[in-house]
Structure formats: structure tokens, C-alpha cells
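Chemist: The primary structure of each chain is shown beneath.
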Amino acid sequence: KNQVEQSPQSLIILEGKNCTLQCNYTVSPFSNLRWYKQDTGRGPVSLTIMTFSENTKSNGRYTATLDADTKQSSLHITASQLSDSASYICVVSPKTSYDKVIFGPGTSLSVIP
Amino acid sequence: NAGVTQTPKFRILKIGQSMTLQCTQDMNHNYMYWYRQDPGMGLKLIYYSVGAGITDKGEVPNGYNVSRSTTEDFPLRLELAAPSQTSVYFCASSYPDGGNGYTFGSGTRLTVV
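Protein chains in written order, with the numbering used here: chain A, 1 to 113; chain B, 1 to 113.
Any given hint could turn out to be false.
As the list claims (entries may be wrong) - Taking lysine to aspartate or glutamate pairs in the EDC-like style, the calculated list, with each CA pair at most 16 Å apart, reads:
hint, chain 1, residue 1, chain 2, residue 2
1, A, K100, B, E59
2, A, K1, B, D56
3, A, K57, A, D67
4, A, K100, B, E79
5, B, K44, A, E5
FYI, nobody ran anything at the bench for these hints, they're computed from the structure.
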């Protein structure tokens, strides 16, 4: 069964610190992997997208990595800001049905002063 | 540029009542989706549409119906509301290959009592 798991479930860090969120998936073969940021009360917004052949993708202070061999991805946030407080969702698209993507449960990040 | 617009933002229904969640997009996306998000769970696909006049079931379609008469609009209908349908509902749209990711609406928080 195609699944996407994320860890940790929740995380609290001090403003200015770095953090790394993890995503493990069993989807195979897959077309691409995306990370979304979801602010409280809002819809998810795309941060990065990587195809199976890409290893890393950056978007400002956000850097996503992908290891297709171990089926793991990580999202690294550098110099965190209060506005980074949100849920971060890993999403994997199966190669055979990109219209039926699989969402992870998300990691809830709280950045405190 | 409005993107994906959902209405209403909040709604309380009594068991057995019916309602329609509205969704419209102005990006000329062919693909549209309805998801529900329950606490601690990944988004689950209810229904999706690959173009006007074409709809298909997702992972959790029971208790819902959709229609797609135009490219812009994709309403979701609840016929006989049940407490299990208490959730946050998100509408999304994308290009056929999903290459730029999904654009999500801001969500509808529905409570069935």
C-alpha cells in the first residue's frame, strides 16, 4: 500500500535555530515529491517540488533533499522565523496516477521567541 | 488573481441536512479536486475532475456528490449530513501534469451536530 509518513509529529524550536523534518514513503514508482506549508486556517501552499532524479531543491531558507534509493526526503529550515510556524506536509505523486497524490499527515512546527 | 475560492468558510449542519460547498478557480486549470482533512491525518481525496463534464471518485467518496459543468466551478454536495463528515474541506486545482503543484482554496470548516 502506498503510504507517506512524516516525523516528528510536532516540533518546537527557538527563533533563529535550524530544523529538519523527515518524510518516508513507500510509493513506487513515483513521479515527484512536494513539500507544502500550511498555515493555521489556510490551504497548503507549495514550497518545493522534486522529480525522482533530483537530489535537492531550495526555496529561500527552505531546502528539500531526496534519496530515491532509501525513499526518504527531508525539509531543512534555516534561521527559523516566527512566520515559519505551520504544518509542513510531504506529498508524493505516483508515476502511474499523478492525479491521485498521497499526502503525509504533516509535521506541526512551532517557532517561539 | 483570486486563485481558488471556496465558500462558505464555516458551516454548522444538523444531522440529515444537505448543503453544497462551492469552489471556483480562475486559472483555467483542467484538474480540480476535493479533499477532506481530519486532525492528525493526511488529506484524503473525495472526488476529482479532469475537465468539464468529467468526474471520478477518490479515496473517500461515500456521502458526497460532485458536478463539473464548467472549467471554473466544482461544487461538492452533501446530501444527508452525518457526524462523520465533520472535517475541514479543501478544494484544489492544477494543470494536467500537476507540474506546478496544486493550488488550494482556504478551506471550509464543517461541523455536523
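Chemist: Holds or violated: are the alpha carbons of A:K100 and B:E59 at most 16 Å from each other?
Modeler: The given pair, whose Cα atoms are some 9 Å apart, holds under the 16 Å limit.
Chemist: Straight-line Cα separation of B:K44 and A:E5 no greater than 16 Å?
Modeler: Answer holds: B:K44 to A:E5 is near 14 Å, not above 16 Å.
Chemist: Just to be careful, I want the Cα atoms of A:K100 and B:E79 compared with a cutoff of 16 Å; is the pair within it?
Modeler: violated, 25 Å
Chemist: A:K1 and B:D56 were given as a pair; does the straight-line alpha-carbon distance stay at or below 16 Å?
Modeler: violated, 21 Å
Chemist: Straight-line Cα separation of A:K57 and A:D67 no greater than 16 Å?
Modeler: Holds. A:K57 to A:D67 sits at ~12 Å (cutoff 16 Å).
Hint compliance for this structure: hints 2 and 4 are not met, and every other hint is.
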